[in-house]
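Visitor: The primary structure of each chain is shown beneath.
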Amino acid sequence: MRRIKILEEKFFILLSGFMAYSLIAVLAFIILVIFVKGFNALSFDMILKIPKGGYYYGGEGGVLNAIAGSVYIAFGATLIAIAIGMPAALYINVQLVRYKRTQNTIRYFLDALWGIPSIVYGAFGFALMLFFGMNASLLAGIITVALLISPIMVRTFDEVLSTIPKGLHEASLALGSTRTETAFRVMFKQGFSGFITAILLSFGRGIGDAASVLFTAGYTDNIPVNLDEPAATLPLAIFFQLGSPIPEVRERAFASAVILTAIILAISLGARYLSKRYSRTNLK
Amino acid sequence: MQLKRLFIDKINGFWMITSLVTILCLPLIIGIGLYLKAEPLFGQQSFMSLVFSSQWAPSKGEFGFWPFIAGSLYVTLLSFLFTAPVCLLAAIYLTQFSSKQLIRIMHPVIDVLAGLPSVIYGVWGILIIVPFVSDFVAPFFGTTSSGYSILAGGIVLAVMCIPYILNMLIEVFNTVPSGLKEASLSMGATKWESVKHVVIRGNYPGIISAYGLGIAKAFGETIAVMMVVGNVVKVTANPLHAGYPLPALIANNYGEMLSIPMYDAALMFAAFLLLVIILAFNLIFRYLIHKTKRQ
Amino acid sequence: MSLQEPGIMTQPATLPETGEKKVTPILRVQHLNVHAGSNHILKDVNLEIPRNRITVLLGPSGCGKTTLLKCMNKLTDLYRELNVSGNIFIENDNILHTTTNIPGIRQKMGLLSQRPYPLPVSIYKNVAYGLKLKGVRDKRLIGFSVEKHLREVGLWEEVKNRLNAPATSLSIGQQQRLCLARGLAVKPSIILADEPTSALDPISSKIIEDLFKDMKKHYTIILVTHVLRQAMRLADHVIFMYDGEIIEQGSPEELFNNPQTDKLRAYLVDGN
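Taken in sequence, the protein lines are chains A, B and C. Quick note, the first sequence lines up with residues 1 to 284 if you use the numbering used here. Quick note, the second sequence lines up with residues 1 to 295 if you use the numbering used here. Quick note, the third sequence lines up with residues 1 to 272 if you use the numbering used here.
Bear in mind the hints are in silico, worked out from the structure with no lab data behind them.
Estimated spans, in silico, between C-beta atoms of each pair:
#, chain 1, residue 1, chain 2, residue 2, range
1, B, SER178, C, ARG151, 48 to 54 Å
2, B, SER178, A, PRO165, 23 to 29 Å
3, A, THR105, C, ASP93, 31 to 37 Å
4, B, ILE29, C, GLU147, 51 to 57 Å
5, C, MET232, B, LEU3, 43 to 49 Å
With a cut-off of at most 25 Å between alpha-carbon atoms, the simulated DSS-like pairs for lysine-lysine come out as follows:
#, chain 1, residue 1, chain 2, residue 2
6, C, LYS125, A, LYS276
7, C, LYS108, C, LYS213
8, C, LYS160, A, LYS189
9, C, LYS217, C, LYS108
10, A, LYS166, B, LYS291
11, A, LYS189, B, LYS4
12, C, LYS125, A, LYS166
13, C, LYS134, B, LYS4
14, A, LYS166, C, LYS134
15, C, LYS187, C, LYS74
16, C, LYS132, C, LYS108
17, A, LYS100, C, LYS74
18, B, LYS181, B, LYS293
19, A, LYS166, C, LYS187
20, B, LYS293, A, LYS166
Where is the CB? At the ideal position from N, CA and C, for every residue including glycine.
Kindly produce the complete structure, drawing on both the sequences and the hints.
Guide: Spelled out as structure tokens, the structure:
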């Protein structure tokens with residue numbers, strides 16, 4: 001009996017350990033596949049040029065239009081998300097500090113909001129666009145993505161703000177700060193590492209999301225100059241190029257995937273580094 | 001000076017609360033917007049026939065969503081079957097048996113896995129999973145398949161959902177007080193037995209919630225699934241055949257939806273359906289998690 | 001003389017100083033009651049805090065000292081469960097019933113908490129923070145004031161070469177003095193100190209205590225402590241609390257040498 005138990009334990013520890021380690025292998029495998037497959041077609045032209053005539057039949061050019069479009073959209077959307085997400089997170093942690101239950105309810109709703117898939121935001125953005133008589137454009141893409149990433153921004157920032165000791169809050173008020181001064185001058189600075197994480201996480205999500213910009217941003221071979229022009233995005237560039245029957249174009253889709261993966265990896269690692277760096281000077 | 005400060009305080013306070021209320025009202029606004037857009041459809045077909053009819057012929061004005069709903073359910077179910085045991089075991093290992101060093105490595109690994117865009121998973125699926133299904137799985141069962149199949153969709157989705165579910169499970173298991181485990185150990189149980197009794201049995205609501213939320217996420221995932229699932233309108237029980245999940249329907253047809261009457265309403269209805277189902281899942285299971293956290 | 005109008009009491013200019021005992025109170029608490037759910041935390045507290053003295057709120061842990069202190073600058077706002085009623089007059093302002101300019105009234109009091117909470121900015125900006133809130137823009141004036149207050153708490157020599165370093169790089173004892181300097185910079189008349197030495201090492205504690213003794217020339221200090229020896233060393237006026245009630249108050253000689261109640265007597269014997 002005892003031996004069976006010990007055997008069972010050994011088996012499950014081995015099995016669960018295997019599962020845990022295999023996740024590292026899966027990640028390595030995915031990234032390896034993308035990089036190995038995409039490396040052949042990767043060139044400076046890919047990053048530095050927009051598609052020339054006949055690009056989608058194997059002609060000259062690159063995906064700079066999509067890189068620029070994605071960066072524009074993610075950047076604009078992040079700015080909007082900061083403008084509404086940052087004050088919202090501060091409000092939860094400063095003005096609502098005495099209402100524990102309200103705080104928890106709000107967090108609960110925000111978590112639930114986080115779960116809404118991006119295709120729904122995309123469809124809603126499209127409906128909104130029709131309502132205002134807009135065309136698929138940079139602006140429509142930015143607004144849709146901003147809606148998508150705002151809950152992420154609030155919740156990520158809030159996660160750090162909620163750990164700030166109440167004593168700091170009291171100290172700030174005792175010095176004669178108003179509540180918003182406490183929020184923007186003290187809590188914001190104390191939670192700055194969380195703010196950076198929130199921005200980078202939102203930006204990464206914005207740059208990588210395809211379903212929300214599919215309807216709203218349109219697609220173009222040019223780099224948009226105005227907000228009312230359509231904008232290409234990197235995920236869609238990958239998606240469309242993959243649909244081509246021509247092998248060269250498919251190869252380029254893989255190369256574009258390398259570019260996108262590299263951007264996401266850089267953001268992810270950057271977020272780790274910066275949040276560590278900025279939390280060092282903080283009150284513990 | 002003092003007055004000016006108090007005035008600024010009021011303005012900023014107003015900005016803060018407006019932002020918060022806007023964000024909290026988002027699902028309501030989205031829901032109403034999509035519903036209004038989908039409304040013309042209800043004049044033509046009853047809700048039940050929309051959901052359960054398999055007649056899909058937009059040009060004839062017939063909108064039966066069952067093939068798509070069934071496709072979504074099938075893909076989601078498959079992905080759940082793959083992820084559930086992996087996540088549970090990995091979470092147990094990482095919270096109960098693992099070295100500190102592995103955990104330090106795992107954090108960024110999970111983060112990066114969660115942060116990879118779905119298009120990247122789609123590309124990976126096309127490169128690896130689709131050929132795997134057509135070259136190995138189908139011949140093994142003595143049939144043929146193009147590889148673009150419900151099974152491929154399920155596998156890709158499963159990999160995508162792992163970091164999401166795993167994160168929540170780890171959070172749930174970390175709340176188990178170590179005293180409980182020690183009590184169980186001191187009664188002569190092996191470590192695995194204590195884990196079975198204390199960590200798994202004691203956390204049923206948390207585990208179920210994590211799974212529920214993972215299912216909701218899989219249900220709404222669009223691009224990656226759409227790239228590998230084949231997109232054929234047909235109800236099928238064979239996972240090696242192509243399917244057509246609901247989100248893929250919306251994403252694939254946005255181009256032509258304004259040229260066929262009622263088509264846009266139908267797609268908005270699909271989006272509305274997704275929103276309602278996923279939001280309901282999230283509200284229910286998040287509630288369970290919040291409740292267990294407070295205990 | 002005994003039938004003075006209460007209004008006149010608050011105007012020191014019209015009332016001649018009549019010896020040491022007759023200092024006008026700077027802060028008066030009247031019928032203060034605090035409930036938290038069904039718990040009655042403060043029970044009908046009435047007291048007066050004499051100006052330019054160190055008043056010690058003494059009592060065992062959990063007797064409501066800290067809550068009383070938090071009522072004085074209305075930090076009870078942060079705790080929903082606390083239900084406060086009564087009056088607290090600071091000079092002529094009734095802080096519990098003011099809604100318009102609470103920040104202004106709070107600036108009449110500096111707070112020192114159980115452990116230091118420096119703002120997440122540099123040493124210099126910590127002290128300058130209150131001045132900026134007050135609308136002081138003149139860089140030279142701010143610089144002058146920062147130096148003055150850092151000197152006042154004896155921190156200037158230690159930090160003058162690294163004023164732009166983060167405040168968290170200081171030791172805990174230094175941080176607590178920085179918090180004191182930060183509070184002094186807004187020119188309060190009262191210092192509220194909530195067991196300010198409980199997180200500090202003995203040397204840092206001694207520095208803070210010595211500072212308090214010097215500071216009472218210019219400030220009124222209200223010190224919460226459960227350390228009897230500290231109370232004996234510092235107090236000019238002692239208020240002994242037990243279970244939300246004021247049991248005894250008076251000069252330290254009276255209270256410590258001649259306790260009137262069993263509770264205080266027991267407390268003095270236990271020494272803590």
